[in-house]
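Colleague: Since chain A is already given, all that's left is putting chain B on it; use the hints.
Chains A and B supply the protein sequences, listed in that same order. Residue numbering for the first sequence follows the UniProt record's numbering, beginning at 1 and increasing consecutively. Residue numbering for the second sequence follows the UniProt record's numbering, beginning at 1 and increasing consecutively.
Source of the hints: derived by calculation from the structure; they are not laboratory data. Check each hint, because a few of them may be wrong.
Intra- or inter-copy, both count: the list cannot distinguish identical chains.
Said to hold, decoys possible - EDC-like cross-link-like pairs, simulated, lysine to aspartate or glutamate; straight-line CA separation at most 20 Å:
no., residue 1, residue 2
1, K88, E63
2, K190, D11
3, K185, D46
4, K190, D40
5, K190, E139
6, K185, E43
7, K88, E121
8, K185, D137
There are 2 protein chains.
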Amino acid sequence: MLNSILSLTPDQARALDQYAADCTTGLSPLLARHYQWTRDTFEDADRASSLLQAQWMMQRAQERRATRVLDVGCYTGLSALAWYEATKQTGAEASTLYAAWKAFVSYGCEDRIRVVEARAEEALETLAGPFDLVFVDLEFSAYRPIVGQILDRGLLADNGIILVDNVFARGFVIGEARGNIDPAKLDHWKQSGQVVLDFNAFVAADPRVTVTIWPFFDGIAEIKLRGSERSSK
Amino acid sequence: MLNSILSLTPDQARALDQYAADCTTGLSPLLARHYQWTRDTFEDADRASSLLQAQWMMQRAQERRATRVLDVGCYTGLSALAWYEATKQTGAEASTLYAAWKAFVSYGCEDRIRVVEARAEEALETLAGPFDLVFVDLEFSAYRPIVGQILDRGLLADNGIILVDNVFARGFVIGEARGNIDPAKLDHWKQSGQVVLDFNAFVAADPRVTVTIWPFFDGIAEIKLRGSERSSK
Numbered sequence: 001m002l003n004s005i006l007s008l009t010p011d012q013a014r015a016l017d018q019y020a021a022d023c024t025t026g027l028s029p030l031l032a033r034h035y036q037w038t039r040d041t042f043e044d045a046d047r048a049s050s051l052l053q054a055q056w057m058m059q060r061a062q063e064r065r066a067t068r069v070l071d072v073g074c075y076t077g078l079s080a081l082a083w084y085e086a087t088k089q090t091g092a093e094a095s096t097l098y099a100a101w102k103a104f105v106s107y108g109c110e111d112r113i114r115v116v117e118a119r120a121e122e123a124l125e126t127l128a129g130p131f132d133l134v135f136v137d138l139e140f141s142a143y144r145p146i147v148g149q150i151l152d153r154g155l156l157a158d159n160g161i162i163l164v165d166n167v168f169a170r171g172f173v174i175g176e177a178r179g180n181i182d183p184a185k186l187d188h189w190k191q192s193g194q195v196v197l198d199f200n201a202f203v204a205a206d207p208r209v210t211v212t213i214w215p216f217f218d219g220i221a222e223i224k225l226r227g228s229e230r231s232s233k
Numbered sequence: 001m002l003n004s005i006l007s008l009t010p011d012q013a014r015a016l017d018q019y020a021a022d023c024t025t026g027l028s029p030l031l032a033r034h035y036q037w038t039r040d041t042f043e044d045a046d047r048a049s050s051l052l053q054a055q056w057m058m059q060r061a062q063e064r065r066a067t068r069v070l071d072v073g074c075y076t077g078l079s080a081l082a083w084y085e086a087t088k089q090t091g092a093e094a095s096t097l098y099a100a101w102k103a104f105v106s107y108g109c110e111d112r113i114r115v116v117e118a119r120a121e122e123a124l125e126t127l128a129g130p131f132d133l134v135f136v137d138l139e140f141s142a143y144r145p146i147v148g149q150i151l152d153r154g155l156l157a158d159n160g161i162i163l164v165d166n167v168f169a170r171g172f173v174i175g176e177a178r179g180n181i182d183p184a185k186l187d188h189w190k191q192s193g194q195v196v197l198d199f200n201a202f203v204a205a206d207p208r209v210t211v212t213i214w215p216f217f218d219g220i221a222e223i224k225l226r227g228s229e230r231s232s233k
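The shape of chain A in the complex, shown without the other chains:
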């Protein structure tokens, strides 16, 4: 349809999202359970990813046969579980910074999820690469230093990818977006839009990498080392 993104009212966006979930029969039961728990338990659950996004992340790791995953930034740990589920066959270790450790233990997932409780910048200094997949989803102001640090320290495998979440900042990268934004948080999102705009420009200008901005969910930047396609496939 030439454009990548449908125009929808808030009601339509919600209805279509629900419709997609309702028609989906291949969801991971573990992710569905943890998503429901997040929704039911936390007032600010809007911070979590959607279940279909978690399913998408699981699939990316599966198809790339990732064996080492680094998850930078954790709310209730839905992404860490996605990596866990994705890597059952490769026996991968997922390192997540910050965490919902009790939930992981109750699911029996603590065997391959390692939680590092520390500021991301400090934790990164203690980790050794390379990682096949790095997921970055923490405060916007940390995007640039964290991604810079990952590249500078060579933590990304030659054929690895960095996925950075929310690079549309709810649409605010293009100025004021309509979305389902709480009016009280409008200033926060306007500022966030500017911060993410700067981050996206920083990545696009970095000669070490190529980036694709996936125009779905809240925008996901996929960053690869330049030349990695040639050498790996």
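Modeller: Coordinates of chain B only, in the frame set by chain A:
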């Protein structure tokens, strides 16, 4: 953000789409060239996929290391080129039904794209499986018989996927959607919404498969044989 889909006005959707493309540095030059040619040459170019969707399809085939791809339905052949680009290393053969053969020849891509000019139902009868990836993107009324035929004839590899495009029918699966729809085509899209609704229900009820509806682009159904995850990874 709990929901998978942003709510955007038509202008915002267009701006965000353009922004994503502008920030993307890792696009396939061949896909970009063919996309531009499609835009410049055809008045009904709105039928084509977006460039970022083509890039997404290319990546899916790459990461799955597909070796045999079947592309059912062809407009200017952007999807066939995506499979071609994705499978350079595996040397895959992409079979596309209907086609833009001259363009393929001018790019030097005719070596591994086989064009079958026939009605899809008839062409499918002549093809032998299994295919690792099948892309279905033709008139909505053909979705159900074509996918049924692919499953009945065992054309899908055990670990293969069928991707069916436009399963949101521009949002009309949930009733009237706002989108960028030409008012003259409103009835067409309302009817299409109903046809696709029936198709999605048909797939969700088929015990042979699981389906995930990706809530991006115009909705993409990903269909897998049940149990294929266990056996293959």
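Colleague: Look at each hint and say if it fits the structure.
Modeller: Results of checking the hints against the structure:
{"no.": "1", "hint": "K88 with E63", "verdict": "both (12 Å within a copy, 18 Å between copies)"}
{"no.": "2", "hint": "K190 with D11", "verdict": "between (22 Å within a copy, 18 Å between copies)"}
{"no.": "3", "hint": "K185 with D46", "verdict": "within (13 Å within a copy, 36 Å between copies)"}
{"no.": "4", "hint": "K190 with D40", "verdict": "neither (29 Å within a copy, 36 Å between copies)"}
{"no.": "5", "hint": "K190 with E139", "verdict": "within (14 Å within a copy, 42 Å between copies)"}
{"no.": "6", "hint": "K185 with E43", "verdict": "within (15 Å within a copy, 42 Å between copies)"}
{"no.": "7", "hint": "K88 with E121", "verdict": "neither (28 Å within a copy, 39 Å between copies)"}
{"no.": "8", "hint": "K185 with D137", "verdict": "within (19 Å within a copy, 41 Å between copies)"}
This entry does not satisfy hints 4 and 7, going by the numbered hints stated previously.
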